[in-house]
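**Q** Take a look at the letters that make up each chain.
2 protein chains.
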Amino acid sequence: MAREHIQTCPIARVLNLIGDSWTLMIIREALYGETRFSGIQYNTGIAKNLLISRLNKLIENGIFEKIDAGDSGTRYEYHLTDKGRSLNSVMMAMHQWGNEYEFEPGEAPVLLIDKKTGEELLPIRPQRANGDVINDDDIVVALGPGASNATRKRFSELRNL
Amino acid sequence: MAREHIQTCPIARVLNLIGDSWTLMIIREALYGETRFSGIQYNTGIAKNLLISRLNKLIENGIFEKIDAGDSGTRYEYHLTDKGRSLNSVMMAMHQWGNEYEFEPGEAPVLLIDKKTGEELLPIRPQRANGDVINDDDIVVALGPGASNATRKRFSELRNL
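Those protein sequence lines, which keep their order, are chains A and B. Throughout the first sequence, residue numbering follows my numbering, covering 1134 to 1294 in sequence. Throughout the second sequence, residue numbering follows my numbering, covering 1134 to 1294 in sequence.
So here's chain A without its partners, still in its complex pose (with noise of 0.2 angstroms):
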């Protein structure tokens, strides 16, 4: 793992317990239905190694928890936590894009769809208070009340995203 980022900034805090490509991939199972540590090292190829120390991390930081699922005797399932669930929104983002860019017109292998209609989603967006979508063009990065002075210092010279 690289080493931590130490700014306050929310991406810099978030890429510190996901920004690593096995742990996102982790994530992926889970979200599919994935809960056992054969079948999140099958589906990923990931070492046994490397998944001990990914999910260990994961549960340290409250986006997974190890739960003991056996009948008789031991066995262990790996359940995201309602925080793990919420990344949901980066993983479709990540879908979304990949689909987008990294496949030709038509050649998308797997697709986000509506269950009520069969129909594609249209790209994930944030909304305004009023639910409405917004455009790129009417968000600002603005400081926020725990920016620290690196943070203040920074956006007193760019405001637009």
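Just so you know, not all the hints are guaranteed correct.
Copies of the same chain look alike in the list, so a pair counts if it fits in one copy or across any two.
To be verified - Here are the simulated BS3-like pairs of lysine-lysine, each with C-alpha atoms no more than 30 angstroms apart in a straight line:
no. : residue 1 : residue 2
1   : K1216     : K1181
2   : K1199     : K1181
3   : K1216     : K1199
4   : K1248     : K1216
5   : K1248     : K1286
6   : K1286     : K1199
7   : K1286     : K1249
No wet-lab data here; the hints were simulated from the structure. Quick caveat: nothing in here was measured; it's all calculated off a predicted structure.
Following the hints, complete the assembly by docking chain B onto the known chain A.
**A** Below, chain B alone, put in the same frame as chain A:
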């Protein structure tokens, strides 16, 4: 850099391009408007040799372009392409998740704000084809036209996201 994932899954494909903590910090910088090598280096704290290798890979993959912006003499700038700028959704999803789960309420350092109202954005979500926001329960993962045999086998067993 970790070895490449060989799956046809769009998430695996994306992680081969950007599934690296420094790479995502560089993209953060570019989305905040930084175009200079020295500025990216200063704002992320990345080592020079790592920044060179990451930028070269991003340029090879069409996410950045290197532009000679010098009036007299050569002065390179690094700009996101349209493909690169579209990673905004991934970064906003990480940003919002980080603010929600990695900072106490009222202590987020940086906020995503609606320029017109000054209000904070609602969480990023995909939409149905008609533009309505869709809940996780109504989203399924389905085979696309480019699904490999391995993907077809996988999704015969697991369907819900």
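**Q** Hint by hint, where does the structure go against what was stated? Just the numbers, ascending.
**A** The structure breaks none of the hints.
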